[in-house]
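Please work from the sequences and hints to get the whole structure.
Residue numbers (this note's numbering), protein chains in the order written: chain A, 2 to 112; chain B, 2 to 352.
Only true hints are included.
Here are the simulated lysine to any residue pairs, SDA-like style, with alpha carbons at most 20 Å apart: (1) K78(A) - Y62(A); (2) K28(A) - F15(A); (3) K205(B) - S125(B); (4) K78(A) - F216(B); (5) K78(A) - K172(B); (6) K14(A) - D266(B); (7) K14(A) - S270(B); (8) K172(B) - M81(A); (9) K190(B) - P200(B); (10) K108(A) - V98(A); (11) K230(B) - E80(A); (12) K187(B) - F153(B); (13) K230(B) - T77(A); (14) K47(A) - D227(B); (15) K78(A) - F228(B); (16) K78(A) - D174(B); (17) K36(B) - R13(A); (18) K230(B) - A44(A); (19) K78(A) - D235(B); (20) K172(B) - R74(A); (21) K187(B) - L232(B); (22) K78(A) - A223(B); (23) K14(A) - P61(A); (24) K229(B) - E80(A); (25) K14(A) - F275(B); (26) K170(B) - M82(A); (27) K47(A) - F216(B); (28) K47(A) - R222(B); (29) K172(B) - L3(B); (30) K14(A) - V272(B); (31) K34(A) - D220(B); (32) K34(A) - A223(B); (33) K322(B) - V129(B); (34) K14(A) - T31(B).
Far from chain A, by Cβ distances over 12 Å, these chain B residues were calculated: (35) P35; (36) I83; (37) V195; (38) E201.
Hint data in this document are derived by calculation from the structure and do not stem from the laboratory. Because the structure is a prediction, the values reported are computed rather than measured. Glycine residues also receive a C-beta, built at the ideal position from the N, C-alpha and C atoms.
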Amino acid sequence: MSKSYYDPSDLRKFGNITEWNEELGGKFFDYYKKVFEEGALTAREKSLIALAVSHVVKCPYCIDAYTQDGLQRGITKEEMMEAVHAGAAIESGATLVHSVQMMNKYKKLSM
Amino acid sequence: MLLKSLKKRENELANAKRQLELLSGGVFETGELPKFSAQLEALKQLPLRPKTLEILQINVGYMCNQVCAHCHVDAGPDRKEIMTRETMQQCLDIIKETGAHTLDLTGGAPEMNPEFRWFIEEASQIGVKDFIVRSNLTIITANKKYYDLPNFFKEHNIHVISSMPHWTKGKTDQQRGNGVFNASIKALKMLNAVGYGMPESKLKLDLVYNPSGAFLPSDQRALESDFKKVLFSDFDIQFHQLFSITNLPISRFLDYLIASDNYEDYMYSLVEAFNPAAVHSVMCTNTLSVSWDGWLYDCDFNQMLELKVNSPSKHISEFNKEALENRTICVSQHCYGCTAGAGSSCQGTVT
Chain A
2 MSKSYYDPSD LRKFGNITEW NEELGGKFFD YYKKVFEEGA LTAREKSLIA LAVSHVVKCP
62 YCIDAYTQDG LQRGITKEEM MEAVHAGAAI ESGATLVHSV QMMNKYKKLS M
Chain B
2 MLLKSLKKRE NELANAKRQL ELLSGGVFET GELPKFSAQL EALKQLPLRP KTLEILQINV
62 GYMCNQVCAH CHVDAGPDRK EIMTRETMQQ CLDIIKETGA HTLDLTGGAP EMNPEFRWFI
122 EEASQIGVKD FIVRSNLTII TANKKYYDLP NFFKEHNIHV ISSMPHWTKG KTDQQRGNGV
182 FNASIKALKM LNAVGYGMPE SKLKLDLVYN PSGAFLPSDQ RALESDFKKV LFSDFDIQFH
242 QLFSITNLPI SRFLDYLIAS DNYEDYMYSL VEAFNPAAVH SVMCTNTLSV SWDGWLYDCD
302 FNQMLELKVN SPSKHISEFN KEALENRTIC VSQHCYGCTA GAGSSCQGTV T
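Below, the structure written as structure tokens:
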């Protein structure tokens with residue numbers, strides 16, 4: 002066993018999760034594959050969304066995977082960083098919008 | 002930025018045997034990853050055999066004005082291997098006999114061979130259907146004596162295929178050297194100006210895309226559409242097709258993979274992307290590669306690994322169509338590069 006919670010080479014073993022539950026694992030990978038196919042959004046746009054979400058959910062495997070995927074699609078580093086900022090802005094906005102609750106509570110409790 | 006070839010630097014990877022040892026060692030020796038021949042065996046495709054010969058690819062020399070970081074030829078200004086007129090004559094003598102419909106000149110920068118124009122003039126009279134010159138573009142702007150190349154190509158109805166790793170300056174120069182992007186743009190404009198690459202033009206201008214790093218190319222059509230959009234909107238440049246080519250783990254690209262600690266991950270990516278459908282149309286089944294000194298190989302990559310054809314007819318001077326048709330193709334782990342994803346060849350994807 003590795004002494005670290007994250008091992009980059011574990012990403013290659015992702016598919017192995019079906020060994021312990023073939024049906025659910027299989028359904029997940031079918032769904033995953035379908036989601037990233039070209040649709041109303043291009044595969045390129047979906048790759049950038051996935052990269053932004055990878056950062057928001059702070060998944061190191063996903064960040065490795067979608068940085069590589071972006072490079073393969075010819076996505077530039079400027080586009081990648083803008084996508085990460087879009088994700089970060091939503092994440093910080095989600096924190097900040099809760100401050101309205103703080104303000105409401107503050108006002109309610111104060112004379 | 003690289004200035005000298007591996008050979009000039011006496012790097013161990015300039016040695017083909019050492020490269021083949023590396024490609025058979027590590028994760029392939031431990032069995033962590035299957036060898037390429039094992040994949041073929043599972044598909045009942047071992048030994049791999051050629052089909053009808055369609056493309057004769059002639060490497061007229063390893064000299065080049067560029068020293069690209071990913072070059073599988075280890076080409077550069079310091080390489081002195083150049084095809085002589087005598088060997089060119091031997092090639093001319095057998096082109097018809099091969100029955101190949103495509104003649105594909107590569108290098109190095111083929112234009113730097115002093116006999117290049119003579120060879121084009123002679124070979125264009127043979128009447129092959131498609132006569133390709135693989136031009137690195139910058140050679141056209143490198144020196145006054147090359148400025149008329151676009152017109153020279155046009156006169157001989159040459160199909161020009163040129164390298165262009167990205168539509169941004171940063172990524173292009175990173176792979177191919179400082180100033181390459183601007184010079185390539187200038188050369189593409191010169192080619193467009195004489196009619197190359199224009200929508201209805203018969204003067205074919207195609208671009209080759211190689212990833213500039215340790216990753217595989219993505220969908221060829223999507224990349225082509227991105228390249229077309231940006232090159233036209235930013236530079237008014239037009240071209241016909243984009244061929245996406247996977248970097249094979251040999252020579253300078255292998256050196257880069259090892260030095261950047263990407264070798265194992267890259268081999269994993271190639272093996273994971275192994276596509277049995279690509280095996281059927283892999284380019285070594287319809288191509289023969291001739292080296293500057295006249296030896297015959299299954300492909301340009303095997304030429305660089307010094308894996309001569311497995312046939313009694315090993316040299317252009319003893320060309321024997323039947324013996325070559327009956328040969329078996331030499332494979333090693335670098336072959337995974339041609340079977341990954343949609344497959345890869347000098348003509349782009351194969352599936």
